[in-house]
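Spelled out from the first residue to the last, the chains are:
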Amino acid sequence: MTASSAAPRARIHAGAHRGHPLWIVWLVHRLSGLALALFLPVHFLVLGLALNDPAALDGALRWMDNPWVKAAETGLVLLLGLHLFGGLRLLALEFLPWSPRQKTFAAAAVALACAISAGFLLSAV
Amino acid sequence: MTDDIDTLAVEVWRGDARGGGYVAYAVPRRESQTVLDVVTWIQHNAEPALAYRFACRVGMCGSCAMTVNGAPRWTCRTHVRRVAKAGRLRIAPLRNLLVIRDLAADMAPFFDKWTEAGGTFAPTATRDEPAAEIPPETPERAAADAGIECINCAVCYAACDTVAMAPDYLGPAALNRAWTLLNDARDGGQAGRLKAVSGDNGCANCHSHQSCADLCPNGLNPTAAIAGLKRRAGRAWLRGGA
Ligand code: SF4
Ligand code: SF4
Ligand code: FES
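Chains A and B, in that order, are what the protein sequence lines are.
First residue of the first sequence? That's 12 in the numbering used here, and the numbers climb one at a time after it.
First residue of the second sequence? That's 891 in the numbering used here, and the numbers climb one at a time after it.
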């Protein structure tokens, strides 16, 4: 179409359009998705190994009592919550009639994710 | 004046499509000074060859947009007080467009995309017929009204990270325009328009960051318009169209 894709652009200082709340929740959604794609397979691999070998399961369960592992699992729950509620927010934005309260919905999604991961942490300790 | 600075440290991007860089100027601080006033002062007093655009100076024509301290702004209605950081201003051409020279970006791709998105009104009546009656309270008219005050300034286009990643994406302004026409009962070009906005470069590319809405100087919300397009395009797809 246009030459816009091929030719070089001016090297200018331009990034201040980023960083507003709705841009940040977009970034959080992206990063949580990437992090889940990386860490969920590891999580399932560990579980799978443990389930295939009862001796290893004992070891794995002891290993899961480790506070670091609990913290990591809480992080995983937080990522899941952020991505799940962030995704529901996007579905609502795209498929329901437009609402001017987008920032409220975004804050609610983050708050829900935090509450659920805090609940998980409390039940784990 | 709310600050006590009497001289602004201004950096202006100078160059052309082959490259360029920032040049520093000291500009006297004035009361109620706009960024466009600063650029004009530089052109009148320091750099007569400086290229930039403006016309109306009152936020009507949409020609004066530039990157100011990293964000796209309409410069004629952006007060220095609001954007200068410790008396510093960095002014550059709009992002996501090629530079012609200095602060003047090549707007052609931006306007080409308006056409590509079906932004041309397709009349269904002639001037000899009575004017159509459009009740302002219908949801369609309300949706169109929300988007028609666009001044084609390309601030939203420069703020769009998706345009930066996918340069052929139609972008917020063209899609907002298409949405206003899609809601215009007098228009007869809806099938082609829906196809244009549902295509590879169309509404599905939008990531809903709402940077476009955040910075639109007229308070429009292209993200809302694009969400509307996504719903219409989705419905057409479900019906076996598109
Ligand atoms: S919401 Fe859509 S149009 Fe607006 S800046 Fe993001 S990708 Fe671009
Ligand atoms: S939608 Fe707003 S920011 Fe975009 S071109 Fe129109 S007036 Fe400018
Ligand atoms: S000069 Fe016309 S909008 Fe700024």
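No wet-lab data here; the hints were simulated from the structure.
Please note that the accuracy of each hint is not assured.
Derived Cβ-Cβ restraints for the label pairs, each shown as a range [said to hold, decoys possible]: (1) ALA119(A) to GLU921(B): 37 to 47 Å; (2) ARG1125(B) to LEU99(A): 18 to 28 Å; (3) VAL948(B) to GLY86(A): 27 to 37 Å; (4) PRO52(A) to GLY949(B): 48 to 58 Å; (5) PRO1020(B) to LEU42(A): 26 to 36 Å; (6) HIS24(A) to ASP896(B): 16 to 26 Å; (7) GLY949(B) to HIS24(A): 46 to 56 Å; (8) ASP896(B) to LEU42(A): 37 to 47 Å; (9) LEU42(A) to GLY909(B): 29 to 39 Å; (10) GLU921(B) to ARG22(A): 45 to 55 Å; (11) ARG972(B) to SER134(A): 20 to 30 Å; (12) ARG1121(B) to ARG22(A): 50 to 60 Å; (13) PRO108(A) to ALA1012(B): 49 to 59 Å; (14) PRO52(A) to ALA1012(B): 47 to 57 Å.
Simulated coverage check for chain A against chain B, where a stretch passes if three residues somewhere in it have a Cβ under 8 Å from a Cβ of chain B [claimed, not checked]: (15) 26-34; (16) 53-67.
This structure is a prediction, so every number in the text was calculated from the model and none was measured.
Every residue, glycine too, gets a C-beta built ideally from N, C-alpha and C.
Given a hinted range of 48 to 58 Å, is it respected by the beta-carbon distance of PRO52(A) and GLY949(B)?
With a Cβ separation near 53 Å, PRO52(A) and GLY949(B) satisfy 48 to 58 Å, so the hint holds.
Report holds or violated for chain B covering the stretch 53-67 of chain A, Cβ cut-off 8 Å, minimum 3 residues.
The restraint on the stretch 53-67 of chain A is violated, since only 0 of its residues have a Cβ under 8 Å from chain B and three are required.
Given as covered by chain B, does the stretch 26-34 of chain A meet the bar of three residues or more with CB within less than 8 Å?
holds (count 7)
Starting from the range 49 to 59 Å, see whether the pair PRO108(A) and ALA1012(B) falls in it by beta-carbon distance.
violated, 26 Å
Outcome for the supplied range 27 to 37 Å, where the beta carbon pair is VAL948(B) and GLY86(A)
violated, 52 Å
Quick one: are ARG972(B) and SER134(A) within 20 to 30 Å, going by C-beta?
With Cβ atoms ~49 Å apart, the hint is violated.
If you check the beta carbons of ALA119(A) and GLU921(B), does the distance land in 37 to 47 Å?
holds, 43 Å
Indicate whether the distance between the beta carbons of HIS24(A) and ASP896(B) respects the range 16 to 26 Å.
Hint holds: Cβ distance 25 Å, inside 16 to 26 Å.
Kindly confirm whether 45 to 55 Å is satisfied by the beta carbon distance between GLU921(B) and ARG22(A).
violated, 34 Å
Quick check on a hinted range of 46 to 56 Å for GLY949(B) and HIS24(A), using CB atoms only.
Since GLY949(B) and HIS24(A) have Cβ atoms about 24 Å apart, the given range 46 to 56 Å is violated.
Taking the Cβ atom of ARG1121(B) and the Cβ atom of ARG22(A), is their distance within the range 50 to 60 Å?
violated, 39 Å
Taking the CB of ARG1125(B) and the CB of LEU99(A), does the distance hold inside 18 to 28 Å?
holds, 21 Å
Violated hints for the displayed structure, listed by number in ascending order: 3, 5, 7, 10, 11, 12, 13, 16.
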